[in-house]
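2 protein chains.
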Amino acid sequence: MFRSEREFVDWLRSRVPRVVRGLRLGIGDDAAIIEVSHGRDLILKTDMSIEGVHFRRELHPPHSIGHRALARSLSDVAAMGGIPRFALISLAVSARVDHAWIKQVYRGIFALAARFSVAIAGGDTAVVPGSTLMDVTVVGDVRRGHAVLRSGARPGDPIYVSGSLGLSALGLRLLRSKTRRPVSDAEAARALRAHLHPEPRCALGAYLANQRLASALIDVSDGLSTDLDHLCQASGVGATIWQDRLPVPQWPAGRRVLSEDPLRLALHGGEDYELLFTVPSRQATRIPASFRGVPIHQIGEIGRAPHMVLLRSDGTKQRLRAEGFDHFRK
Amino acid sequence: MFRSEREFVDWLRSRVPRVVRGLRLGIGDDAAIIEVSHGRDLILKTDMSIEGVHFRRELHPPHSIGHRALARSLSDVAAMGGIPRFALISLAVSARVDHAWIKQVYRGIFALAARFSVAIAGGDTAVVPGSTLMDVTVVGDVRRGHAVLRSGARPGDPIYVSGSLGLSALGLRLLRSKTRRPVSDAEAARALRAHLHPEPRCALGAYLANQRLASALIDVSDGLSTDLDHLCQASGVGATIWQDRLPVPQWPAGRRVLSEDPLRLALHGGEDYELLFTVPSRQATRIPASFRGVPIHQIGEIGRAPHMVLLRSDGTKQRLRAEGFDHFRK
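Here the protein sequences line up with chains P and R, keeping their order.
Each residue of the first sequence is one higher than the one before, starting from 116 at the first, in my numbering.
Each residue of the second sequence is one higher than the one before, starting from 116 at the first, in my numbering.
Just chain P, same shape as in the assembly:
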């Protein structure tokens, strides 16, 4: 279908809005040009989505692959308290896929971008013999000096998380398995949606930043244990997590889902794209129980000792280690 790069670029260009506030020049020239509002800092992030690592063609529909690739980067902007504005899409597409598949990937990107008013400003495309890889760069902005870093958590700060934990990991396991019996249809649908079309928490992140509510903020992309560890390391603190308060997926008590412990999914399962944040304790009363329909749970507290502890339902304590995803770990 695409006989040349120009045909492909023309197709891309025809699918994105031509006039976007702040975008002076979009797809088609050597680079994009954007105009920056006075008094705002820019936020830059790039995230890769790799076939065989972040998605599998036999499991993930192309629309979901595009959605998730963009969602990863939007979530990082949310994790700074910023609003995403522009995205650049680099796609190294396997020679093994057809153009209908490529278009569906882009449709997933376009749909999410439109919903978040993110303009696709450019990118790069190549056909490769091996696996497909996407790299999505997002440019966002935030009121000058209001970005929330990972490094501001202090002992005594309550720890919050938005939405649910482990739901995306559950969805992935359901995708992989033939049987979905262990969970109800409604719960399965919720888990599949969380995995295939995760919702970046941009409005919540911007609210926390603009109101200066959060002392530290990160998104849960590699799993709670790993991302909390990042936050603790950056802040030079430790944390206690309360098992009873973790928003784990709901399913019949005592049952193991696909031979997986639900607590492990919540602690170490990745790709939730929820926001994990701490709040100075005097501000804690200002954190609502839910924000725009997304529940917010306090799941623990920052401590002075530089390690993570899980307070179990039976009252015992256990060392919590980062067991989420790490690309360099064997």
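Everything hinted at is true.
Heads up, the list lumps identical chains together, so a pair's fine if it works in one copy or across two of them.
The list that follows gives simulated cross-link-like pairs (lysine to any residue, SDA-like), each with its CA atoms no further than 25 Å apart:
#, residue 1, residue 2
1, K218, V168
2, K218, G143
3, K218, G245
4, K218, S129
Everything labelled a hint here was simulated from the structure, so no lab data went into it.
These numbers were taken from a predicted model, which means no experiment stands behind them.
Use these hints to put chain R onto chain P, whose structure you have.
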């Protein structure tokens, strides 16, 4: 050597300057934060460098692979008339390479970035089973409204190119061949340097933009014929190129280098990263014969008829077609 992502990120962080003008937050948090100067537009570009497409591990030393990956993006900023400021490096690194190789790739990036005062603001890293791929995003800036697009060329505008054409393609052929006899040692060294460590023409691009000299501007990355075609298409014009004026690599007259016609290398060889630009004819006297040691040659003229023509040395004319690199062409 790197046992975890944190070790790798710490290594990266230790290699880049901590305090950079305009960079409020660099590597290590969810995203980078930059401060933008008032009255300037931002330029955004992302370019992939793919093993087997843009480089081969058996031909290209890792330092060169890093250098070239960044140079591609810097050249795109130059092609808008902008100054590159920040870069994000995404590296999907093959599990087959060792960490010393990765470090050399980054050293190539760091060295070029330092020379152009570009701050490495972040990126993403993953280990992949297949080939190595890098995606480099560069953020540059330009005086508001001064960026030079591809679309401003008008009939009668002289066409210029900086430096030499086909030298990088010659360098690649020398790398591939066992024998370098057809060219002198000095010419071989020049061609290898052009291929392995190309020099983006950022100062020239910024000069053309700030002085408002160029009517259209593009960089020669896919080969003169293809990039001139892009410029002509965007401007709705055609062009005549004069064979006698093309800055082809110098070698003994009549000899074919590695069975390759030197004219073909200059017309269709890619990765020169020279600037190709047009100038309103009344401004032509303001174009110097060289800029900061880099020669500038007039190689032809924009015409009204919407196709490209090569005026050969013998006075005959021949249709010139885009025969450079196109990822979608079989």
